[in-house]
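Work out the full structure: start from the sequences and follow the hints.
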Amino acid sequence: MSARDSILARIRKVNASGGDEEGRRQAVSARLSGSPRGIMPKRGQLADTERRELFQAMAQTFGATIAEVGDYADVAGAVSTYLREHNLPASIRIGDDARLKNAGWDGERTLDVLHGASDGNDLVAVSHALAGIAETGTVALPSGADNPTTLNFLPDHHIVVVKAADIEGDLESIWDRLRGALGKGQMPRALNLVTGPSRSGDIEQKILLGAHGPRALHLIIVD
Amino acid sequence: MELTSDRFKEHAQKALLDAQLQRALGNVEKGFIGKRQMAADALPEFDAIRDNARDIKNHTLAHLDLYLEAYEKKVTEAGGIVHWAENAEQARAIVLDICRKAGTRTVNKGKSMITEEIGLNDYLAENGVTPVETDLGEYIIQLRGEHPSHIIAPAVHLNKEQVESDFRRVHTHLEAARDLSEPAALLSEARQVLRQKYFEAKVGITGANFLIAETGSSVIVTNEGNGDLTQTLADVHVVVASIEKMVPTLEDTAQILRLLARSATGQDMSCYTTYSTGPRRKGDPDGPKEYHVVLLDNGRSSMLGTEYQEMLRCIRCGACMNHCPVYQSVGGHAYGSVYPGPMGAVLTPSLNGIEKTGQLPNASTFCGRCEAVCPMRIPLPKMMRHWREREFERHLTPTTARYGLKFWAFFAKRPKLYRIAASFGIPALSVLGGTKHRFRSLPFAGGWTRHRDLPAPQGRTFQQQWQQREALKQNPSQERAA
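Residue numbers (the numbering used here), protein chains in the order written: chain E, 1 to 223; chain Z, 1 to 482.
These are calculated hints, taken from the structure and not from any lab test.
Treat the numbers as computed from the prediction; the structure is a model and nothing was measured.
The beta-carbon is built from N, C-alpha and C at its ideal position, and this holds for glycine as well.
Take these hints with a grain of salt, some might be off.
[As the list claims (entries may be wrong)] Dumping the calculated DSBU-like pairs for lysine-lysine here, alpha-carbon to alpha-carbon at most 35 Å:
(1) Z/282 / E/101
(2) Z/14 / Z/30
(3) E/206 / Z/282
[What the hints assert, rightly or not] Here are some, though not all, of the chain E residues that point toward chain Z, as calculated from beta-carbon distances under 8 Å:
(4) 12
(5) 22
(6) 23
(7) 27
(8) 36
(9) 145
(10) 199
[As the list claims (entries may be wrong)] If you want the footprint, here are the derived chain Z segments under chain E, 3+ residues with CB under 8 Å:
(11) 80-92
(12) 365-375
(13) 378-391
(14) 403-415
(15) 433-445
The following block contains the structure:
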């Protein structure tokens, strides 16, 4: 008997001892299709303005910085401001996300905009989030050509653009969005939920920012 | 690692006298306990979610065979490959085979306790594949040739001076005069040294915090970002996970995630929670080209239906060891097993048998703090007691303890005799205790009194006090008169 069959047989011997196999199968398919939500914390269940405020407050609590702009055309300006304030070279990397491609780069003549996945030589990358999560100040970043996963981890500075209307209260709302876009039971190859810059507490349990991932996470919220 | 749990007492003695270790262990309380409490208090629904998380896992375990099948189907649909392994030996061989097919000389590793459990690093090294630990704590202990002393803070037993001396010993290509006195400098150096490694290894190995039946996804929860670099930059991503990591749906992970980081590090959410589903897809500019899952049993299926089944709810947050007075005093290495602390004291006998591990479930005062903070409401003290019973039944308990228990049981089963003996014994012990009311040593209990004194009983026996209390309840006027 294969390892698979003997493992499953041992489990089944215990689990099926009640005799109601049909009931067990129904319970499993009901849970997989129904995806019950469980206990929803009140924290994130807010009206639009308060939800956005909570998102910002939580993200800052976990070490992110925030800029707000009125329109996608202003994103490039906000990126340039960030680079200047941190004495960074005028070079960034972005993916194919259409919203980012039309983010006003023409107005920033000195800014070098590179495209595609990172090879580890970029100091700054800009991604567009699928959504924000107010409850924990988290941004959700699916993989793909629009926003390559390497941009989330290799550069020292990660700038994430998130649309105010995409700020959800909780993680469960992200699942609804993904099911709406991809279908039930489907996921992008990778989904990164990012909360603040990378950190480690492995030396004497002192929390230090900038472990192996980005040293800084900057969020630009577009109205 | 070699199992040395039968030498727990010896290890504990040494640990108590190790000044360096004792200083480092001070960070456990500072680093974890207050932060967990604050994070839990800030979420009013925390305890209700604990109940729900317990129910989610109980439901999953009762249907584990069906969820595993559903999960395997989804992984395959997404282009991934599921390998089933009965035990450590099979799992190691599967991973080595994947490495050989990929033609890699090195593998990068994200932090994973399951690969510790199967002894993967030594096995790969013996077979010509060099494993590189990329989590800062794991990297440090790999340099030292040690094993993790904590399931989420592997280097918690070390002080920064020890890390500095290891870095100077190993990173000889760097300027000798560099300043490494601050943890930030050490972190920065590790980041620099490991950065290049991510591009060199063709295979990246991670564990999993969850496997999701609904979508065929595996989830890792980290703070450093090394696990993500490991799996994103390698050609081949290998997930090694045990079967009880299964949850039914994405919503179920959302529930348990609200407990995991809070219980572990006192964060609302860890920095990086990553859901991985299959290999690189058409049009993807990055990500691994192959995605493998090694599904490991290694004793779990035999725990189902036993008094240890509830242990399979464990999400490896480490709260039980952070709050354990025994762990805080002796650290993780004293346990001589992969999993230390209260969860280890239950799991290690389940995985390795009680014969060599009987000292672990006995290394507890049953203070109950582990159960009080366990996010999955695992009754750890009860299960440690079950192991003590198994040990006693199988005549593995030390002779002195067995006779002591028999002696006590003789009286306990004869209440009249017990009362008479106690009414003479207690005053006698009180007198023998002297003016300090304590015993510095006792016959047959030298092991106990070596590190502490036994307080001598004072006043009346428990039963005498109880009788008086009951009498007062019946007739409260007596109290005023007294």
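The hints, checked one at a time:
1. Z/282 / E/101: Roughly 21 Å separates the two Cα atoms, so the pair holds.
2. Z/14 / Z/30: The given pair, whose Cα atoms are some 23 Å apart, holds under the 35 Å limit.
3. E/206 / Z/282: violated (42 Å)
4. 12: Hint holds; residue 12 of chain E Cβ to chain Z Cβ min 5 Å, cut 8 Å.
5. 22: Where the cut-off is 8 Å and the nearest Cβ of chain Z is about 12 Å from residue 22 of chain E, the hint is violated.
6. 23: violated (10 Å)
7. 27: Hint holds; residue 27 of chain E Cβ to chain Z Cβ min 6 Å, cut 8 Å.
8. 36: holds (6 Å)
9. 145: holds (5 Å)
10. 199: Hint holds; residue 199 of chain E Cβ to chain Z Cβ min 5 Å, cut 8 Å.
11. 80-92: holds (count 4)
12. 365-375: violated (count 0)
13. 378-391: Check failed, 0 qualifying residues.
14. 403-415: Three-residue rule not met by the region 403-415 of chain Z, so violated; n is 0.
15. 433-445: violated (count 0)
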